[in-house]
Amino acid sequence: MIESSLLRWILSALFFATTLWCARVLVLPSVRLTFRVDAMWHALMGAAMVAMIWPWGMTLPTTPQVVVFVAACGWFFARTVFRPGDHSMPRLAEAHHATMMAGMAWMVATMPSLMDSPAPGPGGGHHHALASGTSTTALTDELAAPVALTAGHLALGLVFVILSLPWLARALDLGRGSPGLRPAAVDHASHAAMSFGMGVMFLATG
Amino acid sequence: MRVDDNTRVERATGQPSAWAVLRPLLLRLHFYAGVFIAPFLVVAALTGLLYVFTPQLDAVVYDDVIRVADQPGSLPLAEQVRAGMAERPGDTVLAVRPATTGTDATQVIFEAPDLAPSYRRTAFVNPHTAEVTGVLETYGSGQALPIRAWVDNLHRGLHLGDAGRLYSELAASWLWVVALGGLALWIGRRRRTLLRPEPGATGRRRVLSWHGSTGLWISLGLVFLSATGLTWSQYAGDNIGALRSALAWGTPAVTTQLSTPDSSAVDAGIDRVVDTARANGLAGEIEVVPPASAGDAYVVKQVGRTWPTQQDSVAIDPATAEVVETLRFEDFPLMAKLARWGIDAHMGLLFGWVNQVILVVLGTGLLGMIFWGYRMWWLRRPRRDTTAWFGRPPDRGTWRRVPGRILAPLLVAAVFIAYFVPLLGASLVVFLAWDAFLGWRTRNRREIAS
Numbered sequence: 001m002i003e004s005s006l007l008r009w010i011l012s013a014l015f016f017a018t019t020l021w022c023a024r025v026l027v028l029p030s031v032r033l034t035f036r037v038d039a040m041w042h043a044l045m046g047a048a049m050v051a052m053i054w055p056w057g058m059t060l061p062t063t064p065q066v067v068v069f070v071a072a073c074g075w076f077f078a079r080t081v082f083r084p085g086d087h088s089m090p091r092l093a094e095a096h097h098a099t100m101m102a103g104m105a106w107m108v109a110t111m112p113s114l115m116d117s118p119a120p121g122p123g124g125g126h127h128h129a130l131a132s133g134t135s136t137t138a139l140t141d142e143l144a145a146p147v148a149l150t151a152g153h154l155a156l157g158l159v160f161v162i163l164s165l166p167w168l169a170r171a172l173d174l175g176r177g178s179p180g181l182r183p184a185a186v187d188h189a190s191h192a193a194m195s196f197g198m199g200v201m202f203l204a205t206g
Numbered sequence: 001m002r003v004d005d006n007t008r009v010e011r012a013t014g015q016p017s018a019w020a021v022l023r024p025l026l027l028r029l030h031f032y033a034g035v036f037i038a039p040f041l042v043v044a045a046l047t048g049l050l051y052v053f054t055p056q057l058d059a060v061v062y063d064d065v066i067r068v069a070d071q072p073g074s075l076p077l078a079e080q081v082r083a084g085m086a087e088r089p090g091d092t093v094l095a096v097r098p099a100t101t102g103t104d105a106t107q108v109i110f111e112a113p114d115l116a117p118s119y120r121r122t123a124f125v126n127p128h129t130a131e132v133t134g135v136l137e138t139y140g141s142g143q144a145l146p147i148r149a150w151v152d153n154l155h156r157g158l159h160l161g162d163a164g165r166l167y168s169e170l171a172a173s174w175l176w177v178v179a180l181g182g183l184a185l186w187i188g189r190r191r192r193t194l195l196r197p198e199p200g201a202t203g204r205r206r207v208l209s210w211h212g213s214t215g216l217w218i219s220l221g222l223v224f225l226s227a228t229g230l231t232w233s234q235y236a237g238d239n240i241g242a243l244r245s246a247l248a249w250g251t252p253a254v255t256t257q258l259s260t261p262d263s264s265a266v267d268a269g270i271d272r273v274v275d276t277a278r279a280n281g282l283a284g285e286i287e288v289v290p291p292a293s294a295g296d297a298y299v300v301k302q303v304g305r306t307w308p309t310q311q312d313s314v315a316i317d318p319a320t321a322e323v324v325e326t327l328r329f330e331d332f333p334l335m336a337k338l339a340r341w342g343i344d345a346h347m348g349l350l351f352g353w354v355n356q357v358i359l360v361v362l363g364t365g366l367l368g369m370i371f372w373g374y375r376m377w378w379l380r381r382p383r384r385d386t387t388a389w390f391g392r393p394p395d396r397g398t399w400r401r402v403p404g405r406i407l408a409p410l411l412v413a414a415v416f417i418a419y420f421v422p423l424l425g426a427s428l429v430v431f432l433a434w435d436a437f438l439g440w441r442t443r444n445r446r447e448i449a450s
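For the record, the sequence lines run as chains A and B. Note that our numbering numbers the first sequence so that position 161 is 161, with each residue one more than the last. Note that our numbering numbers the second sequence so that position 340 is 340, with each residue one more than the last.
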């Protein structure tokens, strides 16, 4: 869940737009089945992201979501390794999709722990803790898991923001090319937005 | 890299260098930001220059209130506080600042709910005679006297409340962009006279050489003023505060609540509390905050703003006058120390008159650069077209020539900065919309003409 209402709306708009773009592929005529499956996973991811941004999304069951995104990760991993007769997407792009789905499963799984954990107060709180006689060992144990999770989220956030750059760069180059390349540019921009949005989600919840 | 160098790189690789494609984009951003933000910067620079001299103004205007004739020996602090309280019966004492030297008045600070937020009412008491020399409205943790408080609010928000604060936030948000962008543009030219105005140059070139070389000298100072100014701002300031809090970079404080309060104990008195604090190394200017309720401690903290920074504090048990917690400035997180130094330097307090001189140089340098900037725009106006009042802005649409691999990280960085510094982001969107409108209008005119 995102605390800032401005960020909530910005991310919701971003993921809603990318979900619509991916869902559009599902209904387009003459699209290969593998592409439809790719688009389905992406649309599911976008929808789950929108839900996760809002407080009501925290009430959705976690396990089914994790299962879905682990399956999606497996699908894209298989596409990366086996590439059954389809070389329209670079191998690295498929690997990026697999990483995104793994990241999604991780975020869904860890979000409840982060939301339940006590946030450290301003100034680190160490002076207050010592003065009030709280056991520092107990405090350290209690905070160890959230600190590790927080560090993980921040690291993943940076990774996904950086991973959005090649997609965005390509989208910009294609978008400024011939008009026939515009749909491909939007497709790349959509992947860039999803990776960037996921990175921001990790950073904001870290 | 000079234009010749760029051409050489272009010929060798078949592609223009990154700087060659970025420079026009940066130039247009620098132009737009300069033209539209400069009025806000002028106001900030003028009011800031006025603020620099407020310590001297205060000292002259309120000399009979804050200064007393030196005499051997002082009355007990408790007696001085009682005299101050007698001047404001019914008011709640917030803190006491004992006289540091024989010529200072003791300050008894009261809550002032009838005044604007951050304002307090302070009774100044002669420590030798317990005579009240005056009662003034004081402002902020720095106990600014009325003149400084008035100028402070003028610099911060033109006395227009939260709406007025938008002007200073807009100025601070863009100042670092304009300063660093201008620095890159100036160094990117690689002229022989980088550090000083070009000798023998005339017209626009001469003005540019003054604008650029002055900017080179003061740009880092301007970035510093921008960064520290943003910490006071409404929106970016909130984000900076949240970031500092999240990263445990906040300013620590001693705990006021006692772990084992003795509600039946008699208060040891403010004089013993001050003696204990002094014995624990709290020299110089201090502030004593009495316990807010039973079970709370006295807090004594150093409030000096000059170098070397003295910001130690102790919590003292009112029953025993013993220290229960000590917080030394040297134990502050580095970012908390930097924030303290940054704020004090921005206010011209950290290094005394040297600090004031540096701020005057930065303020007048900024005003000069803005004047030369507008002058260049005027000199570039078309001479034959009498309907054109000013020069054309640098070419639009140059972003189309910037490769995606360069533009993408810039866009992502811009998005993060725009979110973190919201007024910068909002005004950037307005600039882009205006730019798009100009492009649309030009295309329309061409189509109609053809």
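Since the hints were derived computationally from the structure, they do not count as laboratory data. This one's a predicted model, so the numbers in the text were calculated from it and none came from an experiment. C-beta atoms are modelled at their ideal positions from N, C-alpha and C, and glycine is treated no differently. Hints are not guaranteed to be accurate.
To give an idea of the chain B side of the interface with chain A (calculated C-beta under 7 Å), a few residues [what the hints assert, rightly or not]:
hint : residue
1    : Gly397
2    : Arg400
3    : Arg405
4    : Leu407
5    : Ala408
6    : Ala413
### Query
Which of the numbered hints above does this structure break?
1, 6
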